[in-house]
Each structure stands twice: as C-alpha cells, then as structure tokens.
Amino acid sequence: MSVQVSLTVNGVERSAAVEERRTLADFLREELGLTGTHLGCEHGICGSCTVIVDGVSARSCLMLAVQADGAEVTTIEGLLEGGELGVLQQACRDSHAFQCGYCTPGFLMTATELLSENPNPTESEVREAISGNLCRCTGYESIVQAILLAAERGA
Amino acid sequence: MSAPAAARFVGTSVRRVEDDRILSGRGRYIDDIRLPRMLHGVFLRSSIPHGRLTGVDLDAARGLDGVVAIITAAELEGVAHPLSTRPDVPDVARPVFTVLASDRVRHVGDPIALILAETRHQAEDARDAIVVDYEPLETVASIEQAEDPARPSLFDDTDSNLLYTEATDYGDPDGAFAGARVVRASFAPARVAHVPMECRGGVADHHPGTGELVYYATTQSPHALKLGLSGVLSQPAEKLRVITPDVGGAFGQKAMLNREDIVVCAASKLAGRPVKWVEDRIENMTAATHARSETVEIAAAIDDDGAILALDVNLKIDVGAYPALPFPPSFLGPIVRTMVTGPYRIEHLRWANTVFQTNKASYGTYRGPWAIESLVREVLIDRIAYELGLDPVEVRRRNLVRMDEQPRKMATGPTLEGVMALETLERASELIDQDSFRREQADARAQGKLLGLGFATYIEPAPGPPDFMSSVGMQLPDERAVARLEIDGHLTVITAQAPHGQSHETTLAQVAASEFGVPLEHVRVVHGDTQQTPFSIIGTGGSRAATMASGAALHATRAVKDKVLEMAGNMLEISPGDLEIVDAVVMPKGDAERGIPLAQIAMAAYFMGVEGEDDGLRSTAIYHQPPGGWSGGTHACIVEVDPQTGVVEIKRYVVVEDCGELIHPAIVEGQIRGGIAQGIGIALLENALYDEEANFLAGTFMDYLVPTSMEIPTIEIEHLHSEPLAEVNYRGVGEGGTIAAPPVIVNAVADALGGASIGVVPMTPEYVLALVDEAGI
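Read top to bottom, the protein sequences are chains A and B. Heads up: take any position in the first sequence, counting from 1, add 5, and you land on the numbering used here. Heads up: take any position in the second sequence, counting from 1, add 696, and you land on the numbering used here.
What the hints contain is simulated information worked out from the structure, not anything from laboratory work. Yeah, the Cβ is synthetic: ideal placement off N, Cα and C, and Gly gets one too. You may find that some hints are simply not true.
[Said to hold, decoys possible] Output of the computed footprint for chain A on chain B, the stretches with three or more beta carbons under 8 Å from beta carbons of chain A: (1) 863 to 870; (2) 881 to 895; (3) 1407 to 1417.
[Unchecked claim] Examples of chain A residues lying across from chain B (beta carbon under 7 Å, computed): (4) G16; (5) R19; (6) C46; (7) H48; (8) T79; (9) V92; (10) C105; (11) Y107; (12) C108; (13) T143; (14) R158.
[Said to hold, decoys possible] Chain A stretches covered by chain B per the calculated footprint, using a threshold of three residues with CB under 8 Å from any CB of chain B: (15) 55 to 66; (16) 81 to 91; (17) 113 to 127; (18) 133 to 139.
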C-alpha cells in the first residue's frame, strides 16, 4: 500500500507516494537521494540516522516516512550555508572531530539540536547530549571540542 | 635562515582533505552506490548454531513479487570453488567448506542462501518466506568443549576441533624456572566485536558482454580481496577490479575475503545484473568477525628483586567455525609469541599455543590483534609487585630495556631499537604524580571511596623492525606508491593504502607537498582501486601506513621532483642541484625572479615528451622497512570503583608515547584516543556473548555495549621523541590504544581493591561487586 506524503526537506517541498512501511531514513536516502543520512543499526541506538523533524531530533530509522507528512525535516545536507560548510561543520573541520565519517551526520544533527536549545553548553552537557550517538573511531573528545568551539563561534 | 620548504606541512594539523565531503553529507559509502539494473541481495542465515540442513523450501519465496533468483550452494557449484586455508600454511588442519552452507550449518548466522530481488524489502520478505529444516547437532561452544573428544568435530574432514598446535622454547626456560620464585596469572577475555559504524557490504557489477567484474567493496585490503575473488571465482585478474568507496571504519574486520563477497560476485555473474548487498547490524554482530576469543595462562620466574627471568605462556584461541580467509587459523599465535616479552629484558620463554574451532562466528584480526600479550604481561607484572611488596612502576623500571642497552634482540627475535619504554614510564609516573595520588587514595579510602591507579607499558610493531616479520614466520612485501605530475603541475600520489578513517588523503598529501614544494591543494591522493593502485597484500592494516606509505609517497615524489629539476635545469641552463621548488615555482635557490611555474614544465613534458620517459612524469617507488619501527609508551589511569554498584569510573587517563615525528598531530591523537576508547570497551563493557549451546546473545546494541561519550574520559597525551633511526621517522599509532587500555584499567581496578586478582574482561558491575566482596570491602 502506498500513501501520498508531503513534507519539507531542507527547505524544499517534496511529495511522493511511499509504502506505509518505508522508514523516513529509506525515504530520504532512496526516494530523495539524500544519502548523507546514514544507517548504523536500524534499531534506534547508534544515532547515525538522526535528523531534525519540526525542530526536534529524531531517529529516522525508527520513524516511518508517513509520520513525517506535513513536517519540516532537516538533514546533514541542510546544514550547508550558501553551499559552504556551516558554523558547526567548520568547527568540526577545525577540531578534526571525525575520522571515517559514518557516524558524522547523526552527531551533526544532535549537536544542531543541542546548540539551538542551549547555545552555551558546558562540556558535560555536550557529553550528555551526544551520549545517544555512537562513534567507534574517535573516543568522542574531538567531537566534544568541536561542539564547544561551534558554541563559542555562535553556531 | 628560514625553515626548509620540506617542513611546511608535515608536523601541522592542517585541515583534513576528507572533511569537506564527510561534513557536508557527500561522502560516498557502499550503500550510496546505485547502479542501473541493480538487484538487492539479502542473505538467509542459519538460526541455529550447529545442525544438518535437511530441507530448504524456496517455493513460497520464489513466487513473491520482485524476486529474481535465489542462490544456494547448488547454484554456486562450478561458479565458486569450495574454500579452505591455503595449502602452503604448515601444520594446520584445513577443513574444506562451501561458500554457502550446503549440508551443514556451523554457527548462528552461517549463510545459506542469497535472495535477489528488485528491492531490498522484497528480498527480505522472500527471505522470511523460506522454510528451513534443520536436524540439530551437538554444539561446541567453548575452548573446553572443543578440547572434549566426546564432542563432534565441526567438519567431516577434521578428526577433532583442534586446528593447530605449537610449542617453542626461546633461551633456556627450564633452567630459568628451576628453583626460581614463580608468579602466575590467567586471563579469559570475552569475545568482542569490531563494530565499525558502517557494516560490511558490496556491489558487484559483472558485465555479461565483456566478462569484466567490478566489485565495490567495504574493504581495507582491495588487492587481497581481488586476489581471493579471482581464485575462488576463476575470474581472470585483468577482468576483475575492486574499488573501495568511503569506508565507515573497519578495525580489522574488513581485511577479509568474506564468503558474502564471493556469493555477491557470483550472483552478479549468474543474474547478469549488478547486485548490492549491505548487511544490517544484527548480521554484522552475528555473522561478521569477532575477536579476542582467547584464554591464556602465564607464569613468570622471578628473582627476589623482581627481575623477570623467564615467562611460560600457554595460549588457546577459539577461532570460531570457519577461518576468516585469507588468514589461516595459525595466524595469530606466532605474533602473540613474538610480542609477549615486550620491551622487557626477559631472556627465556616457554611457549605453547593451541587453536580450536567452535560453533561461533569467525575470529577476525582486530586492532592490535596480538594484544592479549600486553594484557597478561602487564597484569602479571602488577601481580609480581604485590607478591614482592614493590611498587608496580619499580618492577617495570627494573625490567625494561634501557636506551643504552639498545639495539638488543628480544628473546623471540626482533631487534629493539629506539624504544623509549622506560622514559615513557618515568614521565607517565611523573604526570600522574603517584605520591599525591597515594595520599588521595588513602583519604578517599577513609571515606569509603575506592580509588585505584594502574600502569601499562607496551610496544607495537608499527611497522616493526626489518627482522620482525621473519621472527613471526611471515613475509611482508615492501610498500609501493606512484607519483604522477599532472599536466597543470599538480601531483597525484597513488597509494597502496585503503584508508577508512585514517586520513591518508591528508597525511600523504602533507608528506608529498612538503617534499615537492607545492601547496597542499596541489596534491591529490588516490587510493582504493585495484586498476590504479600498486599491489599490496595488506592495504591498510598493521599500523604500517605512517612509515611505509609515507616512505613510498616521499620517494615517489622525490623521483618526480628530480626529473622536474633536471628538465628545469636544462631550460634554465643551471645545475639541478642549485634549483628548488617553492610554491609550485621552480627557481634557482633564493631567486624567484628566474623561476618557472611547475605548470609550464609539466605542460612541456606532456607535449614534448621527456627523454627516456614514455608517459609524462611519473615514478613508482618501493619503500623498504627501515630500522627501529617500534611505537610504544606507557598508559596510566586512575579509576574509582563504586562498592555499592560495581561501576568503574575512569577519573584520569594519561598517555606518554613515542611514535616518532608527527605528520599531523590531531590525526595522531585521534588514533590514540579512538584506540583507547575501544580498549575501554574491552575492559568494561563489550561481550559478544554466546550461551552454553552456542546461541548468540549479543545481536543488538542493547545487548552489546559500545562505549559512549559518557564512558570515555578526556585523555591526556604527551609525545616523546627518540633519536631518528631513518629519514622517514613517522610510525604508526593505530593499535597501541586498544592494546594498552585493557591492562591499565585492570591494574587500576585491582589497585582500588587492594591487589585483587582479576582474570576476566569486561569487568562488569556484577563481576566487580564479586571482587569487592572477595576483597572484604
């Protein structure tokens, strides 16, 4: 069974007929070609697939595309500012936050939510905020530093 | 005098080349590849650990929407040859097995069939419609059970589940142990999983018209994968190309010729269409590789001053049901053997190693594969200290090989040279301020708080000295790289590495740009395409890149630079030795006025040709392993053990290490911290658990605990630098963190509990509470 859904993704209105069981993650990646969102576990723990839905972070692997009908969704591709890396992304680059890059979209979206709610987080607030995202490469310190740097730069 | 041009990028944490694409969501990982006419493949896997396959009913599945084909062992006959350990590996049992299970399944997750459908959903629906009948067989779920002759052998062509036995003496262990004081320890770490955030996968594209097979693969060893696929599929090497897109972590897991790789490539041949396979997390946890599935008993002969005279080590390894090809089951033991005396003055070793097969997933090389040697040795050294009433630092100090004693052969063969183990120990001890800590510890104890301090000193072959691999009993080739001057004067460096997080696109560009005298943006590093890259049987692994790939890139670049200078010398009528390249301009030294842009020379070379050259300006360099080759150091950490909950919190973690000159400090420290995070997982959290009947119990991240930002502390790092032994003085740091973190945390927890005897990791709260009880706290 297909259902018609309409939503705004990174500021662009999109509508498509999707299978009811299709996850938001698969919809973004396969229907819209937004492959920046990654699937790391498909059971809601690793956080790689995190996107922002109506201002709140969501695991796009646990959410159906039909549930996003009418929503505003932001993915990692939506963090670019005028085609250039945004403030948070630049801070990640300058702090050498990531290595393999696979968990990266999830951390960026989680940090985006954190900084929108708490523009000047402490280190322990950052650690807590990203504790639902798994990174296997870095040991997290560089990611924490990047988010603190982004806050300092007013992300 | 200004610094030489060569120093401009090396040593600086320049912006990573990889970051622009990764941070903007434009990386290209395996699941991002979509080819025309592409089918989706999903594996049907065994749900039981051991049994006869008595029936696989595909009828219902075949009739479902979108299903194109179902590949079983029968379809692969004549397409993919059966597998076994290479015949040239001595003294090892080598059972033969089919690529897909045919008559018998041997672990939960053993692949039985590949379902091909137009969409992944359709393939998964079809998989779930297949009915499999099994006749369960008695299982082999542990080393003890594998040693039991009453249990069945996993294969009809092996008499027992023992695959390999080795016993070797170095020096005179019998003499050393005779009459000596003996201290013992044993260790049984849990199986762990590598857990790259991106699971394994591949896209096979066999072209029915040309017979060419292109395989896009999540691999760290593209040439080894190509070699393996070529043999198993009888695919001519010139018509087989392995390409690695961005790879989302590997840690050793993606160094294998996976059975799935073979099936996916065969399926593309059979179906005449591209086939994509991307495993999900449960498959990755269940059916990809695990590691650290070992038990070890160790004894030290010591004198009353704490000098370690000899070690006696008995290592047993559980490699699971199938060898993780191309690695034979006998691969790991000899590396552990070679490393176990570490940077210590231990002259005698009695060594025994046995390897067993069990109904579990394959054992795959994992970051610091031999790490059990440092774990047991460092824990044993603390045990010696307790036994003698000495400070664990003092016991290490008395036994570590000093700089003035080097070069010196380890008992097991390799030469220790440039190893600053003792210096790193002293500095770590200083940084952690042991005297103040002991006062703090006593005060805390008075308030019912349990603090502990641990140390661990280690070395890692990164890549090791020239006599390292021969001591292990293996041969490794030299490393190759190609440098090519492009028509606009930019430089392409083609490396044999296959990075997956190590940032070689940045570090090798730093090395090449510094040597060549061009901006960093003028160098592009190409990797991961067997049609372009020089052969390497390893690719990225074994902490070799810092020395070997840098050395190869440096020499290839230098050779191109020499040709450029020769051409420019002719144009300027000046000796090449009096020329330099600064910011992509070739000029007489210090005379920018007379400079010629590199682009102009490159253009001339391409259009006019270069004498003696047929292809513009390119050079292949072969870099030989230089002396030294050891990275290493000392880790120290302070923990607090909560006697009520059994939770261990890391309060402070200090690393003092020497990996030579740092090409890119932030990347080096990222490797160290990331390695430690995995070591902390091993020490405190991770367990790829099977039950007594070999059922797998850790298929999700709710069962298998990967450390988060809440468990990994801030890690303080200090670098020491020994005198360079070769021009290329960069050494690897990929594995040390994972090697040193488990023993340092075990030692700290033991210290918190007044010298508790610990023989298990992870130290779960339950286990720690039992230790607290035992210690009478």
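So which of the earlier hints does this model not fit?
-> 1, 4, 5, 8, 9, 14, 15 and 17
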